[in-house]
Structures are given as C-alpha cells and as structure tokens.
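Numbering (this note's numbering), first residue to last: 170 to 509.
Among the hints, a few may not be true.
Using C-beta positions, here's what the derived DEER-type ranges look like [as the list claims (entries may be wrong)]:
(1) PRO370 <-> LEU238: 19 to 27 Å
(2) GLN314 <-> LYS202: 46 to 54 Å
(3) GLY417 <-> ARG310: 51 to 59 Å
(4) GLY210 <-> ASN308: 42 to 50 Å
(5) GLU496 <-> ASN316: 30 to 38 Å
To be clear, the hints were calculated from the coordinates, so they are not data collected in a lab.
Everything numeric in this text was worked out from a predicted model, so none of it was measured.
The C-beta atom is built at its ideal place from N, Cα and C for all residues, glycine as well.
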Amino acid sequence: MKLSYTLIAAALLSTTALAGTPAVTLEQAPDFKRLSGSLTGGYATNYTGRGYVVSHSVAQGDSVLFSALKTSYDFGREGGWTFNNTIAYQAPTSGHTLYGNPNVGPNHILAGAAQKLNMPLSAVMNMPQAVKDQIVSQNARKIKQANIENEFAIVSDFKYTQEKWNVAFGHKFVHGGLLGVMAKHYRDQGASCINEVFVAPEWTPAKWISMGVTTSLSFQGIRGWWFEPYVRLKAPIVGTPEDVKVAGVLEFAMSATADYFDGRYNACDNGTQAFWIKFSTPWFIKKNLILTPGVSFNWLGEGGLKANQASEFKAYTENSSMVPFQEFGVVGSVSLTYTF
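Please put together the full structure from these sequences, using the hints given.
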C-alpha cells in the first residue's frame, strides 16, 4: 500500500479540518481519481481549538467527540488544481454552560450590600460572620448565562500543487465552538459564528518533511488575523515508504493573532496564543481504513495567558479555577477514517 497524499491527508483529517492547517504529503497516489474523499470520526480527551486546551470549568468537563467529511475534486492535471471541501462537527461530552453559570462571590455581594445600605464597606466587613452569611445567602445570584455550542465548520479551498510546494486559498465558516464563544460573548455579536478567508502555502523539500503557515483573516463575528505556522516530520514506523503499515507523524506548531482581540474585553491579548507538539501514528488497517491514535502537548502563549489573568468569572466568583484555558495540557485522541 502506498503512503499516498490521499491516505495521509485522511488519517490526519481530525486535526486539519478543525485546526485549519493543510494535510501531510508524503507521496502522490499512483492511481488517479477525479473525485475522492474520506469520513472520519473520533474522540479527544480535552476540548481544544487553535492550540488552546479548554479548562475543566469552562465546559463542565473535558472530552469531545468529533467527525468530518472531506471531498476532493481533481481537475485532471498532475501537479495542478484541486477543490477541497470539509464539513466538520465537534461536541463536548459534558456541559454547554460556560463555567456552569456560578454564583457571584461573597465579597462582591457584601460590597453591593454596603452600597445599597450607603455604608462604608469596612463597616459591613466588620459585621459578625453570621450576619454576613445571611446577607450573602439572601442576595445570592448567578453571574450570567453564557453557553458554548457544538462546533460546526465548513472549509472550502482551491489548492495548487507542485513537486515541492503547494498553496491553498480558501474560506472557513464556523458556528459555535471556541471561536463562536469569542464572537458571541467576548464581542457581544449576538450570534456565535465567524467567517474568514485564508491562504496556506506549504513547502515540502523532502518526502519526510513539510512546513508552512496558514494565515486567516476573519471578517465577520470577530475581525482580525490568525497565523498558524507548523513543521511536520513523517516516516514509516512499520513497513516501508512503498508499503506502510504504521506511520509516525510529529508536528511542531503554534498560533498567534494580530488585531483580533480588543482590550475592552476580558479576553486574550494579541500575539502568541498557544504552542503545541503532537505525535500521531496512523495505522493502515486496510487500504481505505485508517486508525490514528495521537497525543499532543499544549502550552499557552502570552496572549492566551492574558485571558486567564483577566478572567471575568474568576474575578466575580472569587474562584481561581474559573479560567478559560489550561496553561499546559496533554491531550490524547483517537480517530477512525474511511477513504473512498
């Protein structure tokens, strides 16, 4: 079995469809198919997006289920154009209410009570504990009802391929997920969706390495730039390049923004958002059936750390765990892909 573009692309679809990065190319498929595609389903131990690993408190849990359908139409010239379309879906296995809509912290309630009573805050804070507990109990209230919706994405692109490089020009629509939260709750847009266009050049100087950067411009929901540079190394673990049974793929990547986040909101700063290293091992059970386990190690960048420091929920609940992202996370995943 050849370790072809189609097979490796399908094996990594669970990552590439949602992250927006191009698929790996090791060797061109020897048999020409004008229309091809793949269907992927899988599970990940944590909710992730563009390198962020969502905290346990945000999604009221951790893991997600995901699926993706990809089709590719080849216009018929080797080293020419293809049109690719991906429909992807991701859903948390736990809750949909951000942070579980927790109560406002007791000190904030006491400060509000002091204002209502026209008393110095120090006088209220010096009251007997039983009295303060009664004030807190009588004035208990939720912060606000905010949700994280299932993520639905449609990604379409035209891709031009040459021997040692390729470039894709495309459009991405996302409803829900982390980007939807940013649009709906960070920017108060009313709808949890974004539209963006992207260009994704990739250089493949050898069959075992590829490097590139996906540059996206969001023009609806949130406006601004995303950058996702990466380097991927790939090689057979079991078998040969001509007949691979198990492949190994090692990826080094990051994400960064420019003019995307606004200082008026308790959100990320612009700049570096996340860094990650991912290792996956596509196992070619059959020619058209691929099982891909993987593990990634993710770190927050300076921009992502700002969101944790300025977390509105952390401040108002007085609970240090109410932050959007994990500063470091280890994410396991497994997916099954059928190619056609």
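Verification of the supplied hints:
no., hint, in the structure
1, PRO370 <-> LEU238: 19 to 27 Å, "holds, 25 Å"
2, GLN314 <-> LYS202: 46 to 54 Å, "holds, 49 Å"
3, GLY417 <-> ARG310: 51 to 59 Å, "holds, 53 Å"
4, GLY210 <-> ASN308: 42 to 50 Å, "holds, 47 Å"
5, GLU496 <-> ASN316: 30 to 38 Å, "violated, 24 Å"
The structure fails hint 5 only (numbered hints given earlier).
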